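Participant: The lines below spell out each chain.
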Amino acid sequence: ETGVTQSPTHLIKTRGQQVTLRCSSQSGHNTVSWYQQALGQGPQFIFQYYREEENGRGNFPPRFSGLQFPNYSSELNVNALELDDSALYLCASSLVRTGAGTEAFFGQGTRLTVV
Amino acid sequence: GENVEQHPSTLSVQEGDSAVIKCTYSDSASNYFPWYKQELGKGPQLIIDIRSNVGEKKDQRIAVTLNKTAKHFSLHITETQPEDSAVYFCAASIGSYIPTFGRGTSLIVHP
Numbered sequence: 042e043t044g045v046t047q048s049p050t051h052l053i054k055t056r057g058q059q060v061t062l063r064c065s066s067q068s069g070h071n072t073v074s075w076y077q078q079a080l081g082q083g084p085q086f087i088f089q090y091y092r093e094e095e096n097g098r099g100n101f102p103p104r105f106s107g108l109q110f111p112n113y114s115s116e117l118n119v120n121a122l123e124l125d126d127s128a129l130y131l132c133a134s135s136l137v138r139t140g141a142g143t144e145a146f147f148g149q150g151t152r153l154t155v156v
Numbered sequence: 003g004e005n006v007e008q009h010p011s012t013l014s015v016q017e018g019d020s021a022v023i024k025c026t027y028s029d030s031a032s033n034y035f036p037w038y039k040q041e042l043g044k045g046p047q048l049i050i051d052i053r054s055n056v057g058e059k060k061d062q063r064i065a066v067t068l069n070k071t072a073k074h075f076s077l078h079i080t081e082t083q084p085e086d087s088a089v090y091f092c093a094a095s096i097g098s099y100i101p102t103f104g105r106g107t108s109l110i111v112h113p
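So the protein lines, in turn, are chains S and F. In the working numbering, each residue's number is its place in the first sequence (first place is 1) plus 41. In the working numbering, each residue's number is its place in the second sequence (first place is 1) plus 2.
Keep in mind that the hints were calculated from the coordinates and are not lab data. Computed from a predicted structure; not experimentally measured. Where a beta carbon is used, it is the ideal one built from N, C-alpha and C, also for glycine. Please note that the accuracy of each hint is not assured.
Stated by the list, open to error - Label-pair distances were calculated between CB atoms; the ranges are:
1) Arg105(F) to Val156(S): 24 to 32 Å
2) Pro111(S) to Glu85(F): 38 to 46 Å
3) Gly3(F) to Asn120(S): 34 to 42 Å
4) Gly69(S) to Glu41(F): 19 to 27 Å
5) Pro10(F) to Arg56(S): 29 to 37 Å
6) Gln59(S) to Glu58(F): 42 to 50 Å
7) Ala31(F) to Leu124(S): 15 to 23 Å
8) Arg105(F) to Asn120(S): 25 to 33 Å
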């Protein structure tokens, strides 16, 4: 158990809809990163939030957006869903101090299916 | 940006044999190299990591080696067991934790 929880575990949405995925980070961690993992692929970095601000973004369009709350939990929002958005969405929490990072711990993921 | 290549994509071994997974990275500034194990239906689990100021690290049956000059690092699993069967990912990152992952190696350990 990593202490990182994601909800929901599974979700089915229709193309064009919007979805919100949630992540509760491990106690004491101040950073949350989101990843998209397509079947048979490694996780692809979407973005990272550090102390409620976006701290880096991967090659994903603006319809992927996020939030981090004062308790360091986080949301991933995806608008105008496309079939290719079907994937396992992972969040990882870590404790980042200035100039150094620590290991990240992943949640179990949310399996999103877009039909 | 960083590019991480991982080989092989599939590795099949007999129980008790050793398994080696190799990764290369492109950005010489990368200084943190974690390895993750992902079982079916679960998120990746950190199993071992190494920083650029260390050449080798061992934890029971698992070891990781790093060659900064050649920009490659490897995972070694000795005395493999059926429960080691999973997908293994290497990753590389610079400074704060935004790692780039390899594409994964599916390890199958036959009893």
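Participant: Give a verdict on every hint.
Facilitator: Right, here's what the structure says about each hint:
1. Hint check: Arg105(F) to Val156(S), Cβ distance near 26 Å, so the stated range 24 to 32 Å holds.
2. At roughly 40 Å, the beta-carbon separation of Pro111(S) and Glu85(F) lies within the given 38 to 46 Å, and the hint holds.
3. A hinted range of 34 to 42 Å is violated for the C-beta pair Gly3(F) and Asn120(S), which are about 25 Å apart.
4. Restraint check, Gly69(S) to Glu41(F): a C-beta distance of roughly 26 Å satisfies the suggested window 19 to 27 Å.
5. Hint check: Pro10(F) to Arg56(S), Cβ distance near 36 Å, so the stated range 29 to 37 Å holds.
6. At about 48 Å, the beta-carbon gap between Gln59(S) and Glu58(F) stays in the expected band of 42 to 50 Å.
7. Taken as a hint, the range 15 to 23 Å is violated for the pair Ala31(F) and Leu124(S), whose Cβ atoms sit roughly 37 Å apart.
8. At about 28 Å, the beta-carbon gap between Arg105(F) and Asn120(S) stays in the expected band of 25 to 33 Å.
Checked against the numbered hints listed earlier, the structure breaks hints 3, 7; every other hint is satisfied.
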